[in-house]
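Chemist: Below are the chains, spelled out letter by letter.
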Amino acid sequence: MDMSFSAEEELFREEVRTWLGEHLVGDFARLRGRGGLGDMDAFVEERIAWEQELGRGGWTGLAWSKESGGRGASLVEQVIFLEEYARSRAPGRAGHIGEGLLGPTVAAFGTDAQKARFLAPILAGTEIWCQGYSEPNAGSDLAALQTRAVRDGDNWVIDGQKVWTSLAMVSQWCFVLARTGAGSSRHEGISCLLVRMDQPGVRVVPIRQMTGNAEFAEVFFDGATTPVDHVVGPVDGGWKVAMHTLAHERGASTLGQQADFTNELRALVQVAKDNGAANDPGIRDRLAELWMRLKVMRLTALRTLSAHDRGELPREAMITKLFWATWHRDLGELAMDVLGPDAAVLREGHDHDLHRLFLWTRSDTIYAGTNEIQKNLIAQRALGMPR
Amino acid sequence: MRFSFTEEQRQMRDALRSSLTESCPSGRVRAAWKTPDAALRIELAEQGILAINLPEDAGGLGLGAQDWVLLAEELGLVAAPVNLIETLATNPTLAAIGALDLASQVGTGAEFVALEEPGGFALDADKAAGILAVRDGRVGWLRDATLIAETSVDGTRRPFKVDGRFEAVDADATDLLDRAALVAAAELVGLSRRMLDLAVEYSKSRRQFGKPIGSFQAVQHHLVDALQRIAFAAPAVYRAAWSVDTNHPNRSVHVSMAKVYASEAALFTGRKALQVHGAIGYTFEYDLHMWMKRAWTLSSAWGDVRHHTDRVGQFVMSGGQDA
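Top to bottom, those sequences are chains C and H.
The working numbering numbers the first residue of the first sequence as 1 and each following residue consecutively.
The working numbering numbers the first residue of the second sequence as 1001 and each following residue consecutively.
Hints may contain errors.
The calculated lysine-lysine pairs, modelled on DSBU-like cross-linking and capped at a C-alpha distance of 35 Å, are [stated by the list, open to error]: (1) C:Lys240 - C:Lys273; (2) H:Lys1204 - C:Lys240; (3) C:Lys240 - H:Lys1127; (4) H:Lys1127 - H:Lys1293; (5) C:Lys240 - C:Lys115; (6) H:Lys1161 - H:Lys1293.
If you are wondering where the hints come from, they were derived from the structure by calculation, not from laboratory data.
Please take these sequences and the hints and turn them into a complete structure.
Modeler: What follows is the structure, given as structure tokens:
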């Protein structure tokens, strides 16, 4: 066991830190601390420009293989990058869906032509992606989806509706799960289509959230088209592709959050000290408890990185989403208790950030698989309990 | 950065697991409720475990917390009726004060050194060659001790209220108590794992309404919640072992985290396991209560959740930095 970073790893950390310090300046400086989850609709154009800046610096696709145009960074290097990224309060990534979800899926299942067409613009930050999975009648039960694509010559013609589609308003592309098979039902006969957003058959209607923001949207497909060669993986065999993507959503791509969480908790401790809430032993205990839980999340992530123990780890890895979602919800609630009576009043400054945190964290236990769905999966897969 | 055990460490764990599976079934734990199990200490000594963290010139293996933490977890798994905490905690202290003869006797299982836990009890103090205690932040022997026997909720444990003439020695009290808390934490992780396993197995075989109760979401979610606690307690315990071995400046905070997490995991898992078992789990005849009672005693000993949370709280509120 060695819980310290090697000299080589520290050198990499220094490189990341230096680059961020030199580039988060000028117009980009005001993006610090903005655009994260719960704030994804802030400074979108500027954050896309920042994405391109990252791309020029070689900091996109860190986890991607060199063959896919990525950096092929080790897991430890990825963690270091994410920690430094959060420490510098660099903005939420506008390209995270392309980089974290679609890119790895194309790399795993795509044709050579698809890889050549789609991977480079994600790395360059010139094409933004959104994910067309959830529908009004297919939330936790994704296999109930109804969007349909029908073959017409060299095109698929798509009709249906997606919902809760993050960043749909600014995306050039959407990866859409649609029914393509005759007599398709449940997990059978679904395909994963890559669909251009800028066309007459696609209409995007933003959804206003509890926070007042509109980070996601309804997306209506009414005769939208995409060429037949824009299917990732086998036609009618898209369920497996979709599950692969979700594994990324629920797994490694959440690592960087912990560093953001650390910033949030630190800020809350400061507020508690400033307004005297920290003198309350109950508040202190809860701050300590959240601190411990956050550290444990980090330890679990670090343990996942150490390949040696891999045989023992899937149980812990599966629990990650459930754990951080609940942690973040609790942080939001503690933030309001730290504010005390002021929690009922909206003000600028710290309080404003805490209110946004509180409202946003009402969603953590719902999106990307509700706590209940997570628990069903863990019971069946990690504990081997019967269906 | 390598947060994993070595091949040798895992082999030692596996060897102990297979020997305990054979030698320490639940019937042996149950028997220890009636008659103290003196043989188990000797069996562990023969496997080198009692001397694992003694220096070589006291007949030991000269290993550290990273080497014994998985072994303590295994002993917890089977609720082994043996006082490992005192021995692993006091061994380095005996070495530090130069009591090598006594230490080597402890390593062979011939002698036992008791340690008063901060709650005021010392286990098996009547059979001890000496009783170590911490008073006012100093380590020392309790000489000419008077003992008052108490009855533990866990029938395998024999606690005594102890008092005596305090004879200070030159050893670090915090490190001593941290080691004890860490052994307890590791045992609690093992206890938790077994209680969860018992409940999962029971939920698969017990049928009501025409199906296994493990197919009901209400039951599944109870056990997933327990799994979650355990899965996140274990890394806290393992990291604390590394911090203790490397004299990390935050090692006490890391030990406190481990103890809090492991205690809560064990208490929580016990509650969930009992609920899933229903009435059968509440009987004396069924094994679950022996694991639960060990968990209750270990979670309140060597600093309870309140004590260790407070230690972490002071660190966090004072702006302490920790990666």
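Chemist: Where does the structure disagree with the numbered hints, that is, which hint numbers, in rising order?
Modeler: Hint check: 1 and 3 fail, others pass.
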